[in-house]
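> Residue numbers (the numbering used here), protein chains in the order written: chain A, 1 to 419; chain B, 1 to 419.
Don't take each hint at face value.
If several chains are the same, the list does not tell them apart, and a pair holds so long as it fits within one copy or across any two.
Claimed, not checked - Calculated lysine to any residue pairs in the SDA-like style (CA-CA distance at most 25 Å, straight line):
(1) Lys170 x Pro128
(2) Lys225 x Pro73
(3) Lys142 x Thr376
(4) Lys58 x Gly15
(5) Lys365 x Ala234
(6) Lys102 x Lys365
(7) Lys390 x Leu235
(8) Lys142 x Val239
These aren't lab readings, by the way, just hints derived from the structure by calculation.
There are 2 protein chains.
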Amino acid sequence: MSAEIICIGTELLLGDVLNTNCQYLAQELANLGIPHYYQTVVGDNVERIHQVLEIAIKRASILIFTGGLGPTPDDLTTETIASFFKTPMEEDGGIIQDIENKFTSVGRVMSPSNRKQALLPHGAISLPNPTGTAPGIIWQPKDDITIMTFPGVPSEMYRMWQKTAVPFLKSQGWGNDIIYSEMMRFRGISESALAEQVTHLFDSNNPTVAPYAGKGEVRLRIAAKARDKNQAEALINPVAKEIKHIAGLNYFGSNEDTLASVVGKLLNTEGQTLSVAESCTGGGLGSMLTEVPGSSSYFSGGVIAYANQVKNALLNVNNKDLEQYGAVSNIVAEQMALGVKQCLDTDWGVSITGIAGPDGNTVEKPIGLVYIGLATPENKVVSHEYRFGKQRGRELVRYLSSCSALDLLRRSLIKRQQD
Amino acid sequence: MSAEIICIGTELLLGDVLNTNCQYLAQELANLGIPHYYQTVVGDNVERIHQVLEIAIKRASILIFTGGLGPTPDDLTTETIASFFKTPMEEDGGIIQDIENKFTSVGRVMSPSNRKQALLPHGAISLPNPTGTAPGIIWQPKDDITIMTFPGVPSEMYRMWQKTAVPFLKSQGWGNDIIYSEMMRFRGISESALAEQVTHLFDSNNPTVAPYAGKGEVRLRIAAKARDKNQAEALINPVAKEIKHIAGLNYFGSNEDTLASVVGKLLNTEGQTLSVAESCTGGGLGSMLTEVPGSSSYFSGGVIAYANQVKNALLNVNNKDLEQYGAVSNIVAEQMALGVKQCLDTDWGVSITGIAGPDGNTVEKPIGLVYIGLATPENKVVSHEYRFGKQRGRELVRYLSSCSALDLLRRSLIKRQQD
């Protein structure tokens with residue numbers, strides 16, 4: 001009894017799309033304890049999909065398909081599976097209605113080609129798609145074969161998997177032992193330095209501890225296999241506690257926590273508000289802060305001061321300092337942080353000014369040089385210098401700048417609470 | 001004559017690793033014009049690798065393996081391929097020397113386990129690994145079968161592929177034809193509606209035309225097989241021209257173009273400047289605009305007006321209107337657009353105010369309701385209402401809002417140029 005993942009799409013064979021679906025499904029199968037020995041990718045081609053099915057039904061009993069459920073002629077997964085099992089297709093009125101509703105709700109009219117998405121093999125159950133138009137199916141064409149299909153769009157696939165496939169597979173007896181994990185998140189330490197500090201934990205069997213490099217953060221995943229969540233947490237918690245003790249302030253949160261959400265909680269606890277002044281990030285820090293639902297309780301807004309004129313006019317940055325020290329300098333970062341705090345009348349002000357590249361750099365001010373300013377409720381202002389390196393590229397320098405700004409504020413808030 | 005990619009590694013089946021190697025190899029094969037219809041992933045298991053080989057030699061003539069070349073006991077790719085073809089392994093003295101040199105150069109001693117990496121099937125040629133210790137092989141165990149193996153570490157694999165596999169495949173006559181493609185990008189039309197308009201092109205063989213759904217855009221990929229880039233463009237250009245004619249203003253650019261870069265070019269042409277006023281997107285539109293290098297020539301900055309107080313204080317939005325119509329309304333969007341344009345002294349002002357969710361919605365103002373305001377150089381102001389739907393989630397509503405704001409500005413700029 002094992003599963004096989006079959007991803008359908010000529011775009012995968014051309015390398016136009018990275019197959020993240022396969023990794024997601026592999027992790028999910030591992031979490032449910034379902035053995036899985038093969039993954040196959042094949043194009044939108046009837047004959048070759050039939051050949052893949054011929055092989056797969058001999059070596060697996062749960063066949064999980066992604067891709068090829070769209071409305072266009074090259075989307076032929078459902079009909080090809082049906083024809084392989086010599087089963088006629090039937091139109092499902094409920095699906096048509098659902099697709100029509102989705103179009104109506106955004107003020108559009110359903111295209112005739114979408115009708116095709118309502119055709120299911122006789123005997124198959126439709127697997128609703130909450131976000132897109134393409135539903136999937138769960139179907140047992142033979143006693144020992146279960147087929148599940150999902151769209152190729154990752155966000156749609158994830159939601160359908162969680163909402164319908166996981167409950168179904170659990171009802172079939174899978175996932176009795178769960179794999180439960182805590183993803184611990186760190187900023188201010190490299191992956192290798194953290195790994196060296198906790199290397200004695202990597203040999204542990206249950207829970208396992210493994211390092212992951214993330215964008216703007218380092219992660220450690222503690223995973224336990226257990227009968228239920230309580231038992232898993234009893235295995236995980238002592239290890240997590242030890243790691244927190246070792247990492248100190250470099251640990252900022254676990255699982256769904258982000259630097260922005262952690263800062264938000266700290267500000268809410270203090271009942272304080274925040275505004276931002278952004279130059280090179282152009283709004284990225286504000287965007288990161290407002291990813292958090294409910295951020296309006298502490299985040300007032302900010303000024304995107306891309307042009308020097310805006311730095312002066314709205315943030316009261318001294319024109320002479322802009323000229324003498326340049327926009328990318330400690331003194332300008334400090335004035336921006338203080339300026340935005342006063343302009344928007346908030347407790348805290350955070351500023352970012354830097355050289356994201358690919359141009360605008362000099363010998364003294366290389367790409368990746370960033371100053372982050374922080375103005376406290378008492379109007380004390382500090383600025384820190386960061387050098388993210390020219391090899392990282394514009395997007396990553398901007399991203400890391402926003403992360404560092406949040407991390408600077410986080411550490412300040414925690415230190416004030418500890419004092 | 002076609003290739004099959006076979007990736008070996010239990011970590012791929014557990015979902016611990018994203019299979020970027022497969023995408024890389026798929027792109028490379030496409031560039032060389034080598035047909036490729038299947039990708040297979042299998043664990044570090046002798047019996048199952050044999051089964052995969054059994055299938056692959058029937059459907060492909062070039063088998064490209066990644067993974068399982070390391071020194072540990074679970075790395076068994078080479079010996080398993082050899083045993084499948086009943087061929088003995090032989091130690092290659094040159095490889096031993098090479099591995100020893102690599103260890104010496106970093107002041108370490110070669111582990112005994114590395115000796116294993118010098119074993120090749122009789123008749124195979126070693127494929128040097130410039131960076132790591134694991135060499136690969138090129139081997140023709142039968143007349144019509146060529147086997148190539150690469151390590152699983154992406155950076156090592158990429159270099160070996162370029163340095164040794166590409167020259168070898170070219171020497172075999174591949175890569176004389178290239179596959180060259182144009183990715184056309186659209187906004188303002190659904191994938192299915194666009195597909196219906198260009199459905200007659202989907203049967204074309206060279207170039208091929210295929211639709212892709214993207215985040216905030218729809219794409220059509222035109223791909224041509226030809227002797228060189230000029231010949232490919234001669235095949236692609238008439239089709240692209242026809243599609244542009246059909247799609248009209250819904251087509252916004254190709255390949256590396258983004259909505260933000262296209263808007264940037266249009267503003268640069270006019271010598272005009274832009275500022276933004278963002279509520280629900282919190283800086284996302286500014287961040288998108290400043291992703292484009294050189295955006296400072298037309299983008300001055302903006303105001304993140306998350307709190308109503310900021311809308312009034314900095315953008316001069318009327319407090320009575322905020323109270324009477326709410327922050328998410330046509331009138332407030334209009335005042336924000338005009339306000340930011342005047343505050344930052346730019347030619348254009350664009351504003352976004354909406355309900356991204358998950359809270360803050362009412363019956364009249366559901367999640368996904370967004371107003372986008374646009375103030376022209378002549379201080380004419382319009383606002384458009386968008387309904388992105390509550391099922392899409394906070395992040396996507398925010399992302400689509402920024403896309404729509406850029407698209408609104410793009411269309412206005414083009415229409416002015418046409419007038």
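> Now tell me if each hint is right for this structure.
Results for each hint:
no. : hint            : in the structure
1   : Lys170 x Pro128 : within (18 Å within a copy, 48 Å between copies)
2   : Lys225 x Pro73  : between (43 Å within a copy, 22 Å between copies)
3   : Lys142 x Thr376 : neither (67 Å within a copy, 64 Å between copies)
4   : Lys58 x Gly15   : between (28 Å within a copy, 23 Å between copies)
5   : Lys365 x Ala234 : neither (50 Å within a copy, 45 Å between copies)
6   : Lys102 x Lys365 : between (52 Å within a copy, 18 Å between copies)
7   : Lys390 x Leu235 : neither (43 Å within a copy, 39 Å between copies)
8   : Lys142 x Val239 : neither (43 Å within a copy, 45 Å between copies)
Comparing the model with each numbered hint stated earlier shows that hints 3, 5, 7 and 8 do not hold.
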